[in-house]
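Position chains B and C against the provided structure of chain A, taking the given hints into account.
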Amino acid sequence: MEKIRELLKKICFLPTVSSRELDYKSELFALAGDCFDEMYEDSFGDLVLVVKSKKPSAPRLMIDAHFDVVGFMVSKVHEDGFLSISPIGGVDARVLGASGAMVYGKERVEGVFTSTPPHLLKDSKSLPKIEDIYIDCGEDASLVEVGDIVTYKPHFTELLNNRVSATGLDDKACVCAMLDMAMHIDKERLNYDVYIVISAQEETGKGGARFIAYDIKPDIAIVTDAFFARGEDIENCDSIEMGEGAYIDASAVTDVFLTRGIIKALSAREIKLQVACEPSRTHTNNEAISIAGAGVRTALLGVAVEGMHTPSEIVSLEDIKSLSGALLEIAYGEWL
Amino acid sequence: MNEERKKQLLCELDKICSILGPSGFEWRVRDYIRAEIEKNMPSGAELFTDKLGGLYLKIKNEGAPKLMLSAHMDEVGFMVTEITERGELKFGSVGGINPLVLCSKRVVSENGIKGVITSKPIHLQTKDERSERTEIRKMRISIGARSRQEAEKYVSVGDYFTFEHDFRVLSGGRIASKALDDRHGCLALLNAIRELAKSGKKSRYELYFAFTCREEIGVSGAWCASELVKPDYAIVIESKAVLDLPSVGEARAVGALGEGALISYADGGAIMDRELTDRLVSVCEKNKIKYQINRAISGGNDSSNIQRGAHGARVALISAPSRYIHSSTGIIDYKDFEAICDAIYSFITAKED
Amino acid sequence: MINLLKRLMLTHGVSGRENLIREAIRKEVEPYADEVTIDAMGNLIAHKKGSGKRVMFGAHMDEIGYFATHIRSNGLISVAPIGGINLISGAFTGVVSENGAVGVLGTVAKGAPDADEVFIDIGATDKRQAEKRVKVGDSFVHTPSITHLMGTRYVGRPFDDRVGCAILIEVLKNVKSTENDLYFVFTVQEEVGCRGARPVTYSVEPDIAIALDVTRTDDKGGDTLNVSIGKGPTIKIKDASVICSHELVLKMRELAREGKIKYQDEMLSRGGTDTSSMQIAKRGCRAGAISIPCGYIHTGIEMIDMKDVRGAVRLATLIAERI
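Protein chains in written order, with our numbering: chain A, 45 to 380; chain B, 51 to 403; chain C, 14 to 336.
Hints may contain errors.
[Unchecked claim] Some, not all, of what chain B presents toward chain A, calculated at C-beta under 10 Å: (1) Glu-135; (2) Lys-140; (3) Leu-152; (4) Cys-153; (5) Arg-156; (6) Ile-163; (7) Leu-174; (8) Arg-183; (9) Thr-184; (10) Asp-216; (11) Gly-222; (12) Gly-308; (13) Ser-378; (14) Ile-381.
Quick caveat, the hints were computed from the structure, so don't treat them as lab data. Quick reminder that beta carbons are idealized off the backbone N, C-alpha and C, glycines included.
Just chain A, with the same shape it has in the complex (with noise of 0.2 Å):
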C-alpha cells in the first residue's frame, strides 16, 4: 500500500489540466520506471507505454485512463494582483470560494480564489457566477500572463481506512492502478501486448484516447474511470461504495460479453468486484474509444471517488490495489 500511496501522491502533484498534459511526459515516463518495452506520444497529448506479450504477434489489450484534471485558465491578468480566470472542465462554483489556487506562470504563483460576502451579491439563492469569481495572488501578478494554467492547490490528506483526499484523483486514482498494474507484470503469463494509454482531453469532451484507440486497433479496450462513491445524499443507483473494491460498469455502450465474461472469471478467481449500472451512456473515455476506426470492444472499470472534480476528492488506496489485481487478471486472460 506504501508504494501505492507514494505513487499517487506524486501523480497528483502534476498539474495536467486538459490540454497541457504533454508538460509533464518525462516526469510521467519517469514514474513508470523501466518495465516497458516502449513509451511514445501523439500528437494530441497521449501517452502510451507497451508492454509486449512472450507469444508472437499477440493481440492488442489496450488499457485506458486519462491524465488530465478539471481547472482553469487565465483569461485577463489585472494590475491589482487579480486575475480572470475560464473554467476548464465541469467546475462546480460551490467549491471555489476562498479555495487555495496554484497559478502556474514564470514561476509558480499561490493565488486565493475570491468570495464575495453573501450580503453584497445580488441574488441570496443563486451561486456565484464563476466569471465573478477571480483569483487573488497577493500583491501583484506579474509573473503571470493570458493563458497560463490554474490548478486548485496541490494537496495529500491522510483520512482513516488508508483513503486519501487530493485535487485530480478523477482520474489520477486509475493512472495510479494502471501504472502500479504494469509494474507487477509477468511477462510468461501475459496473453496480449498490453497498451498503457494516460490520454488527453477527456474532461473538455475530447477524448484523446479516441486516436490512440484509432491509431492501436486494439483488439479489446479497458477503460478506467472514477465513479461517485455513495453517500447520504447519493442514490445507491448513482454510485458505489468506497473501500469493497473496483467496479466494473454494466452499459450499453459497453461490451456486454466481455463485461459478463470479466465479472465471471475474476469471482471465479475470487477477485470482487461491484457493479455500477449506467444504461445508456456512462461519461467516459469508453464512448470515444468504442467507435474508433470500426469500433472496439471496450469495457468499463474504476474506483470510487467521492467529492468529483473539487480541490478535496477522496479515493481508497485499497480500491486502487483492487483494481491493479484486477487489471493484471485482466491481462492474463483469455477474452477473445
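Then chains B and C, alone, in the frame of chain A:
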C-alpha cells in the same frame, strides 16, 4: 522594512493561527499566549483570567487612567451535530460562516482527525441544484470512516472542527491563512508586551492587555472584560473585511489591503470615541505609520460591548484590512499588520498627546 | 486586397448553400494552386505541393442567414435562422435571397424577437406572387455591404469569415519557396457547428491545422476579454470549443516575434471555430487558429481594421513557409 522582524513575526503568526480555538474552546490559544507572555514579563505585570477563559495582563501604574487593549482569541469553526449510519458527520457552524466557502474544504477536529466537507458532486446535481447554494445542513464531513461505530471511535457529537491550517505568504507579503481573524490581533498585543519588557518603557496609562473569548458568537467575552477591568479607555484590535474585490467595485469597498492600519470612527456596533480615535490617528501621523480610515459603517466586534459594559468606556478600533474572513483562507497584508503593531506600541508609550 | 475582400463579401453563401461563394473562390485560387478539388460536403481544397510537413490552413466560406420554410397566404415568407444571428440587429433591415429576391426582415415582437417571430416581406401581395421569386428552401442573407470608416477601419458584412477566405487567398499568392506541403481549405457549414472542417481534415491528414476566423473583442464594454480591434491579429489559446495545441501556440508566437508581427493573445470562454473539428479528425492533429478581431459579430455591421488583416496575412505566410 526590518526583514529580521518580519521573518520572526510571520513565523509567530503561522504558529498562533495554527492553534485550534473555535469559540468556547479557546484554551489552547490561551495556554500558548500565557506561555509566550511568561517568557518575558514586563516589570510590575500580573496575569489573571476571567470565568469564560479570557486572559489578562495588567501592568500596574497606580492612579493612572486605565487603558485596555483587546483582541479575541476565538475563531469560527464547526461542531458535530450527528454521526450518520454511514459514518459521516453532520455539523453546524460556530460563528457566522458563509456556506459558499465550505464545500470541499479540509477540516480537522480537536483530536486531530482530518476530514473533508463534501456535498453532492456537480455531475449528480439536478438542474435547479446546479445554480442553488448548498445549505450547511446538506453538507457533511467525511473522515474516511465506514460506519457510525467506527466514526465514534474518533469523533463524538459536540466535538469541534476548524479549517485545516495552511499558512502561506503570497506576493508582496500578503498573508493567507485561517484564523487570522483575530490571531493577528493577539500577536500584535503579544508583540507590544514583549517590546515593553525589552525597552522597560513606562506607559502613562495603567495597561490591561485582554485576550477575549467568544467574540464570534455574539461578542460575549467582551462583557466579562469590561466588568473585570472597568477601563477608562479601550482600543480593540480586529479584522475588517474591506471588500477591495473586483466583484464588489471601488464604490462599495471599505478600504484597501496594503494601505495601512484601518481606523474606524464608527462601525455597525459602536460609534467610537472621537477624541481617543483622533489621538490614535495623530500617533500614526507623528510616527509616520501608514493608516487609512474605514469608509463604511458596518459590522461589529468587541468594541460595542466594551463601550457599553460596566461603567462604559471610551473606545477606539484599529483593524487589519482583510479579505475572505471567516473562511479557510483569510488574507491580510504584512505591511498593515506591522503598522498595527507599531501604532499600538507607539500609542501606549507616547509621552504626551 | 480590399477589392478581393469586397468581391467575396458581396457573393452569397449561407451554410449549406455555398455554391456561389465556392465558385468565386475557385476562380481566385486556381491560378496559384497545383490542384484544386471539391469534396463530398462541398469543401474547396487548394493544394500547393511540397515534400515537407503537411500544413493546412482553413477558413469557412459560409455565412449566417435564413432558409425560407413556408410561404404564407398573404405572401409573407416564414424563415428559420441558420447560425447564431443577432435578431435585435437583424429586424427591420434588408435581406436578399440567393436568386436576388430583395426583401425586408420583419417582426411583430415588441422587444428582441424570438427566432419564430420573424418573417421576410418581399413585397408580394399573396402566396402565388411570392412563389414567383422564392421557393421554400431558398436562402436569404442580410444585405451584404462594405464601407470605409476612418483610418484603416471598415464596417459591413459578412466579414465573418470572408476576411479569413481573403487572407488564405493572399497567403496562397504570397508563399515563396517552402518544403512544406500546403493545403488551403475553404470549409462549409461552420456557422451551424463546424461541420465541414472535420471530413476535410480527415482527408488531408495534416500535421498542423490552422483556422482563420474572426473573434469577439472587448472594446464595447465587458472586461474579461483581452482582444481589441486594431492591435494585431490574435493567436488563439482557447475558446469554448477548443483548447489549441500548446506546442503550436508557442511556435506561432515565436514566428510572430521573429517576423516582428504584432499579435494578441486570445482567450475566450464563449464561441467556437473550425479548429475544434480539425483537432479531432481521424488521428487528431496539432491545431490552432489566427483570428481577426471583429466588432459586432453576427450583426449587419461587423467592424474590422485592415491593419489586423494585413498582419494576419504576414503571420500566416510566415507560418506556411517556416513552421
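Hints, verified against the model:
1. Glu-135: Because about 9 Å separates Glu-135 of chain B from the closest Cβ in chain A, which is inside the 10 Å limit, the hint holds.
2. Lys-140: holds, 8 Å
3. Leu-152: Cβ of Leu-152 of chain B sits 8 Å from chain A, so the hint holds.
4. Cys-153: holds, 5 Å
5. Arg-156: Cβ of Arg-156 of chain B sits 6 Å from chain A, so the hint holds.
6. Ile-163: holds, 8 Å
7. Leu-174: Result: holds, 6 Å to nearest chain A Cβ.
8. Arg-183: Holds: closest Cβ of chain A sits about 6 Å from Arg-183 of chain B, inside 10 Å.
9. Thr-184: holds, 6 Å
10. Asp-216: Asp-216 of chain B check passes; min Cβ-Cβ to chain A is 7 Å, inside 10 Å.
11. Gly-222: Holds, because the Cβ-Cβ distance from Gly-222 of chain B to chain A comes to roughly 2 Å (cut-off 10 Å).
12. Gly-308: With a closest approach of 6 Å, the Gly-308 of chain B hint holds.
13. Ser-378: This interface hint holds because 6 Å falls under the 10 Å limit.
14. Ile-381: Ile-381 of chain B check passes; min Cβ-Cβ to chain A is 6 Å, inside 10 Å.
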